[in-house]
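So the sequence lines, in the order shown, correspond to chains A and B. The numbering of the first sequence is this note's numbering, which starts it at 436 and goes up by one. The numbering of the second sequence is this note's numbering, which starts it at 31 and goes up by one.
There may be inaccurate statements among the hints.
If you want the footprint, here are the derived chain A segments under chain B, 3+ residues with CB under 8 angstroms [unchecked claim]: (1) 609 to 622; (2) 651 to 658; (3) 687 to 698; (4) 709 to 721; (5) 843 to 851; (6) 879 to 889.
Covered by chain A, according to a simulated footprint, are these stretches of chain B (three or more residues, beta-carbon under 8 angstroms) [as the list claims (entries may be wrong)]: (7) 63 to 70; (8) 98 to 105.
Looking from chain B toward chain A, a few residues come up when the C-beta cut is under 10 angstroms (computed) [claimed, not checked]: (9) Lys45; (10) Ala52; (11) Asn116; (12) Ile146; (13) Leu180; (14) Leu184; (15) Leu187.
Source of the hints: derived by calculation from the structure; they are not laboratory data. C-beta: ideal position from N, C-alpha, C; glycine also.
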Amino acid sequence: MIDLSALAGALHLLGSDAMAWLVVPPGLLIGLIFGAVPGLSISIAMAVFLPATLYMDFLPAILFLSAVFTGGGFGGAIPAILMNIPGTSSAVATAFDGYPMAQAGRHGEALGIGLAASVVGTLAGYAILLLIVGPVAGWVLLLGPTEMLVVAIWGLLLIAVLNDASFAKGIAAGILGILISTVGYSDTGLMRGTFGSMYLLDGIPAIPALIGLFAASELINMAGRDYIVSDESLRTLRMKPILAGVRDTLRRWPAVLRGSLTGTLIGIIPGVGASVANLASYAMAKRGAEQPESFGRGNPEGVIASESANSSSEGGGMVTLLALGLPGGAGTAILLGAFAMHNVTGGPRFIADNTDVVYAIILGNMVQAALLLVVGLAFVFFASSIVKAPLRYLVPWVIAISMTGAYAITGSIVGPLTVAGAGALGWLMRRYDYPVTATVVGLLVGPMAEGELVRSWQISGGDPAFVLGRPITLCFIALLVASVVISELGKRRTRRRRKAREALS
Amino acid sequence: MTQQQAPTPPRHRPKPGGIVFAAALALAMLGYAWSILDSARSTVDWLMILPAAGVGVIALAWAALRDAAALRAIPAAAKLPALKGNARPVALLVLICVYAASLPFAGFDLGTALFIAIALLIQGERRIWLIALNAVLGTGLLVWVFHDLLMVRLPTLLM
């Protein structure tokens, strides 16, 4: 599986180029900052700093950008834990348990858990990549549009698992997200739901909508409150709980490994990536837990599941980038841009001819993960001071930064208007117990679902029996049905137990 | 491995406005699906939107019926919405919408300064010098970071 001579070549490459290491700490710090500021994102950071890599050799350039990627992968967890605002779409599930932990004054522990899970997740993702980068290239090519469609539907049906209100409201909220994602020009050139506005031709921008649904609606709800952590004695800034969180994560190694494996496998599928990986891993952890009802109320395993999966999906995404030259998401698409800037094309030929370079990238990223622990510890210590900031100052500032970030993403007024509109919608949804998470999931997987549905329709000629000739699709459908049935039965059992407990007391 | 015992989850109490909200969403979905069907040239134009909207409307109707049934079980006095606690969030919500809509005219400099000042007033800050300091210096820093450092072409009026 591993070419030992290429591995020795990789170690030589890494050992002989000091630049490959000098660029890593600044890259990690840039990623952490851009990931942690709502409205900015890993892809913005990578895009902003891509031109800087033009003056570097290929290996330092890729290691610098992947350091930004690695830092940003965890950076998104910081506002998710401290303010219930996922800095990136990959940290959505981190907020589910991270924020309740922060509200209970366990912010340091939650940040430590998130950091350690990210570090181990990144390490595991790249370790798996080292083993499978060669053989998996052929396997990914077997996935066609029908398989990808089932994956997208599975992502949507997670709504039913994640939803704490009711199945009907979860489905309605998810469908709302899908329909919002279809606004704008379709692949076939049809103008949909634009009301004649040229600003909407490109559709509703997903990241500003995500910021509005999660951040603005939560910030509006915070109006009138004093601090994120209501108990003054818990508003402390100490390294000890952060280190305790790191140790706690390492003790829960089976949960970390399960999340890492899930993330890597989902990351391998092109176009899915960390946004789905964190939700899928969270749903699996919740389903397999002894006390599923404790998820969403500050269970550390929820943070571990999400952070280990979104970080390990980076390694999975690199599989398709290196093996097929296909980007799995925005981050890997920019890495592909860096490949092109250095006249390098990913694919089976690249792996065969430059195995030492591929191994050097993988090993370099594994060392980056270890460095993230050091840089990240210092960063989260200072970031956790946010619990001491009065909300009356924090709320207007975070909204203003988010609005400006949304403008930076879209380059037009559509970004701020989307934040405001989605904020109002999110506030109403929270008020009437509709899960905003379901709408965000629908928004993120909607375009992929529609694209794959149209392609499936075109290649099958509209004949549903076409699926019967696709064994992988049938396997995926069986897994999807089984997971939904098992989780629904589990929810009903929990409800029955709760009613029995209430009747007894 | 210690794990905190989870508290008993709060039961979701339905609110009368929830039925209106569900009806409004259902109407929006139906309207959108109708507009797509009206302009579609082939099956692929409505392939996902029509079934999705159908499922969405059924789910919303089901959710509204369950909310209505739960509301009937609540005493009439408890159904009145608590308006007092909503004043600040609603005021902030309106302010955010006005802020976003005013940005093309007021620019990020003046618009953000006014937004910060009014939001601080809504949030209960009464010290004028702190409001002014936040609005002027803070906005200046924000616009400088995005406009000059990150080279984002923000619309501005004064800076």
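Consistency of the hints with the structure:
no.: 1; hint: 609 to 622; in the structure: holds (count 6)
no.: 2; hint: 651 to 658; in the structure: holds (count 5)
no.: 3; hint: 687 to 698; in the structure: violated (count 1)
no.: 4; hint: 709 to 721; in the structure: violated (count 0)
no.: 5; hint: 843 to 851; in the structure: holds (count 4)
no.: 6; hint: 879 to 889; in the structure: holds (count 4)
no.: 7; hint: 63 to 70; in the structure: holds (count 4)
no.: 8; hint: 98 to 105; in the structure: violated (count 0)
no.: 9; hint: Lys45; in the structure: holds, 6 angstroms
no.: 10; hint: Ala52; in the structure: holds, 8 angstroms
no.: 11; hint: Asn116; in the structure: holds, 9 angstroms
no.: 12; hint: Ile146; in the structure: holds, 5 angstroms
no.: 13; hint: Leu180; in the structure: holds, 7 angstroms
no.: 14; hint: Leu184; in the structure: holds, 6 angstroms
no.: 15; hint: Leu187; in the structure: violated, 14 angstroms
Against the hints set out earlier in the document, violations occur for numbers 3, 4, 8, 15.
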